[in-house]
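Produce the entire structure from the sequences given, and follow the hints as far as they go.
As given, the protein sequences belong to chains L and V, one line each in that order. Using our numbering, the first residue of the first sequence is number 1, and each one after it goes up by one. Using our numbering, the first residue of the second sequence is number 1, and each one after it goes up by one.
Because the hints were derived from the structure by calculation, they are not lab data. The C-beta atom is built at its ideal place from N, Cα and C for all residues, glycine as well. Worth double-checking, as some hints may not be accurate.
[Unchecked claim] If you anchor each label on the Cβ, the simulated ranges turn out as follows:
1. L:Leu-79 / V:Glu-631: 34 to 42 angstroms
2. V:Gly-619 / L:Val-76: 23 to 31 angstroms
3. V:Ala-621 / L:Ile-32: 21 to 29 angstroms
4. V:Tyr-612 / L:Ala-84: 14 to 22 angstroms
5. L:Leu-97 / V:Ala-571: 52 to 60 angstroms
6. V:Leu-620 / L:Met-68: 20 to 28 angstroms
7. L:Leu-25 / V:Ala-575: 53 to 61 angstroms
8. L:Gly-80 / V:Leu-620: 21 to 29 angstroms
9. L:Thr-19 / V:Val-597: 36 to 44 angstroms
10. L:Thr-19 / V:Gly-619: 17 to 25 angstroms
The chain contents come next:
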Amino acid sequence: MSGPGIAAYLILSVLLFTTGALGVLIRRSPLIVLLALELMLNGANLALIAFARQLGDGDGQIFALAVMVVAASEAVVGLGLIVAVSRKRVDLDVDKLTSLRG
Amino acid sequence: MIAAAWIALFAPAAAVLAIALADMRITRFQAGVIASGATFVSFAASVTTFVLLLGDDPEERSHSSTLWTWLSAGDFRAGMEIVVDPLSVFMMLVVSGVGFLILAYAVGYMHGDEEERRYHAYKALFVFSMLLLVQSGNLLLLLAGWGMVGLSSYLLINFWHFRHSAVAAGKKAFVMNAVGDATFALALFLLIQSVGALDFQTVFARAPEVFDESGPAATLIALGLLGGAVAKSAQVPLHTWLPDAMEGPTPVSALIHAATMVTAGVYLIARTSPLFELAPAIHDLAGVLGAVTLLLAGLIALVQTDIKRVIAYSTMSQIGYMFVGVGLGAYGAGLFHLMTHAFFKALLFMAAGIVIHALADEQDIRRMGGLARELPFTYRAFIVGSLALAAIPPFAGFFSKDAVLASAANAGTLGWILWGAGAVGAFLTALYTFRLLFIVFWGEPHPSPVKREHGEAALSMLWPVGVLAVLATIGGFLQVPGAWNALDDWLHPVAESIEEASGGTAVFSAVAALLLSLAGIAIAWTVWGRPSDLPERARRRWPWAARTLERKFYFDEAYDLAFYEPSDRAASLAARYVEEPVFLRSLGGLGRGVREVSARVAAAQTGLVRSYALALATGLAVLAIVFLVVE
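Pasting the structure below:
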């Protein structure tokens, strides 16, 4: 088995995850927020697969597959919500959707 | 014999179940037939038991039978256990026999009442409770029957639950009885502690070894038992519930007064006589309380205007005689009076019930009069009952009251004092009994338009009255002084009388009491038997005396003052100074505090998704750092 060591994969994974998290926190368009979320999930996936390969068993890969399924479902629901919101002719801005304020 | 005794016990219980389960599938009349039929089965079984027991040798007439162990704790065992001996069989015969006649009468009396089924079920329950009480073979089961008798009386006294006064009377009876139940239970605790058992055989066999005569333990136990007996038998000072219990339907009064309930106290003292004999002071106290009660009740009965209340006070007074009898150790005499009293008191109540029916539920004797013509049969029955109650020979009351008085005359100084009270009581008895008879049946009908509904009652109500009239006439010949002592001989193995009448004193006592009774009748005739203004004049001359009697010697007022008022006042003080400031206001403060805190917490809920995400991320970061540091 050859190629870059585990550290390189982890650094890339952290970079992906942090980029995604910053995107979620900073951007206001719900579409971009969804994209950023996907980035976070894939950052996590990368870490899982890297470790699976390092340890030589399949557990991490199976986790990664499950995460992909969740990510797909989440994208469906999220996009559906965004379509519903835009149908109401409301601005697509997460900061304006505050009707759940306590 | 044992099987017959068990049948006698459980037949009324089966009737209760049958009526309750059959519900609307049977008519009200059928419910009455089931209840009285079951009581008749009970009576027949009691007679069978009696006949079989007669076949035994007199000294071996005690059998017991246990169905199962009801309760066990350590070495202590109490079984579902009955005892068949002369005393319990005697009581079974009285309870089920008189009970059957009353239940049969009630079928006619209650006809047309909306809730007849419930009524008949309760009455059968009452008979079952009383049979359990008299048949039980240990004191714990006796206490269970004791409590159930209290419960049944409560249910029946406030049977007409829409009447406020009836509900109050039921509650009063229950509370007064609970006082007695409590002292009874305390006595049982002491017995368990010192003897370790509650079945009669063990207790009576071991009591003389365990207790010193007149020692504190024996005295306390006897006092507790006496407390129970006094409450259940409506003796001073726990008597105030009995007159109020007249709120129930009339056959209930008859049942409470004649067959079940009030005689339980007398039975208890006779049954536990070995314990009372170890505490002579308490034994005497029973007699003294009986004497006080018979005088007070006799005096109060003189001014009562409710036909049933007059009879109720006469019951208290007659039970006073029984207490004098058993208190002085003349168990045979006391129980003899119990039996004859059951006959003539049930008779008087049933006759009064017919009168009340005929006058459309009128109970005030001032609105009665001249009923002899309208109710000839009832009138005759009432005369028989009155003569028996006033102890005129050859009616039953004469022999039994005479037996009590003669035994008292033989019992030393205290005996003579009680005899004096009893003799005065005999005079009072004759006076108030014939006052009632003259006012209700003689004279002219009251001019007010009292609606007359029925006239003479139906045959179904008259025949039990007739049977009881016969019994009240001949029942006294069971025991004729100087000739034979059937009852004393029968009860001898269980409750051996320590006082027996004899010789000259007995004759003197009988003649004196009889003369006093006749004097009472004569005076009653002068005052109430013909038009007279004597009662009015007496009332004007001694207004305080009339008031004291009408207020029943202020017992109710005293209890109000001693128990009700203080607790009422304490409750309102507690309401004002504890509940109001501590609970009500602090609750308001607590509510406000919760509101303020939650308003602050709610402010964190901004509705901004990004702020939530930030909080999540921050939390996660903090957790991660903590884990790293801890590692």
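> Taking the beta carbons of Thr-19 (chain L) and Val-597 (chain V), is their distance inside 36 to 44 angstroms?
Replying inline: Roughly 39 angstroms apart at Cβ, these two residues keep to the hinted range, so it holds.
>> Just to be sure I understand the hint, the distance between the Cβ atoms of Thr-19 (chain L) and Gly-619 (chain V) should be within 17 to 25 angstroms; is that true here?
In response: holds (20 angstroms)
>> The hint says 52 to 60 angstroms between Leu-97 (chain L) and Ala-571 (chain V); measuring C-beta to C-beta, is that right?
In response: holds (59 angstroms)
>> Looking only at beta-carbon atoms, does the pair Gly-80 (chain L), Leu-620 (chain V) fall within the given range of 21 to 29 angstroms?
In response: holds (27 angstroms)
> So the hint says 53 to 61 angstroms: do the beta-carbon atoms of Leu-25 (chain L) and Ala-575 (chain V) match that?
Replying inline: The hinted range 53 to 61 angstroms holds for Leu-25 (chain L) and Ala-575 (chain V), with Cβ atoms some 59 angstroms apart.
> When you take the CB atoms of Ala-621 (chain V) and Ile-32 (chain L), is the distance between them in 21 to 29 angstroms?
Replying inline: holds (23 angstroms)
> Are Leu-620 (chain V) and Met-68 (chain L) spaced within 20 to 28 angstroms by their CB atoms?
Replying inline: Between Leu-620 (chain V) and Met-68 (chain L), where Cβ atoms are some 22 angstroms apart, the hint holds.
>> A range of 34 to 42 angstroms was offered for this pair. Does it hold for the Cβ distance of Leu-79 (chain L) and Glu-631 (chain V)?
In response: Cβ of Leu-79 (chain L) to Cβ of Glu-631 (chain V): about 40 angstroms, so the range 34 to 42 angstroms holds.
> In this structure, is the beta-carbon distance linking Tyr-612 (chain V) and Ala-84 (chain L) contained in 14 to 22 angstroms?
Replying inline: Holds, at about 20 angstroms.
>> If I claimed the Cβ atoms of Gly-619 (chain V) and Val-76 (chain L) lie 23 to 31 angstroms apart, would that claim hold in this structure?
In response: Given range 23 to 31 angstroms: holds, Cβ gap about 28 angstroms.
The structure is consistent with each of the numbered hints, conforming to all of them.
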